[in-house]
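Work out the full structure, taking the sequences as your base and the hints as a guide.
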Amino acid sequence: MNRLDRYVFRSAATAFLGTLLVLTAMIWVTQALRELDIMTTQGQTILAFVFITSLALPALILGLAPAALFMAVAHTLFRMNSDSEIVVASAAGISTWRFLRPLVILALIVATCCAALSLELVPAALRQFRFEISRVRADVVAFIAQPGRFTTLAQGMVFHVRERNANGVLGGIFINDARDPNQVNTYLAERGQVVDSAEGTFLVLEDGAIHRRTTGKPDSNVVEFQRYAFDLSPFTSNGEATVYRAPERSFRDLLNPSSQDVAFLLEAGRFTEEIHRRLSLPLYVLAFFGIACAALAEPRTTREGRGLALAATAPFIITLQVTSFGLINQVRSNPDLIPFVYIVPIVFIVGSLLSLSGRFKPRMPEAIRRRVDRLAQRVVRATVN
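If you read the sequence shown in UniProt numbering, its first letter stands for residue 1, the second for the next number, and so on.
Now the in silico label distances, taken between C-beta atoms and shown as ranges:
1. Ser134 - Ser220: 36 to 42 Å
2. Gly171 - Leu255: 52 to 58 Å
3. Phe251 - Arg179: 40 to 46 Å
4. Gly172 - Phe251: 50 to 56 Å
5. Ile133 - Leu279: 26 to 32 Å
Honestly, the hints are just simulated from the structure, not real lab data.
Glycine included, every Cβ here is placed at the ideal spot set by N, Cα and C.
Quick look at the structure:
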């Protein structure tokens, strides 16, 4: 690339990365707040919270990249038109196609990265996110060993621990088991420790008593013990087989699901939808890029309205976005629509190429154009006055 190419590429790439970073950070914060219970109720550290919530970043980047590319390219072309840089380049004999070469390279890089993200990286991050959430929820020690707090492990099951030593020994244990409303058991123990064994996970209590209260009886029974093993296995998910959803599967798993795969047997159409969603995504990235170029890449003088050209892209962007979502969702139940998932972005790409070549120029209806012109003149008069 020559100096002009590097300048245009650097301007658009900087705008793209900045836009993508800001949008991703804003949405990540709102998504991370939904998982705040990892710290507040699950007893995890801030580092674990940041690590787990950051696993959603690849999916956010994938969803925001097409819009960020459109905004970056539109911003770059709009600014260069405003500064008459495109006009000067055209006067120097540089064609529109030649001027767009670095932007095309950027669009191809973004489309390739989106393909890599959608095919493997995002599903891997989602699988890891599912694993980490399951691990946190199965970490009974971190869950119940929160000194000074009454923790609800399950419906009717409340734990309280006075202290936890550095070696993992719990002191001052209180357990109220009201899962069976006909018999409520309250466990009190001086100390205890969580033990994992082949038979399951147990909380071994020492020097304590069990208070049993039965419905209809005024008195409670008290049983003292020196050692008692309280079974925590029902509250862990270590033995459960994880069934991954279609968005969490690798592309190879989607293409060749097992005949015994529970998720595939229940939602075979969801697998088909996910396959074509991933394969068609680069085309939609290029379609968004093409709309921005078709609207703003042509040289315009300072007298010509560029804001109106930018606003005219809104119907095309909305139509493309709504159509893509609608088609992808319908593929699940109607496989005959699969070709249209690819035809729609290709139509927008071809239309953008024809618009840039001058063979096709979408025009705003005359009545709307006159109304917009009158509104613009009114704004100008009000500003001057």
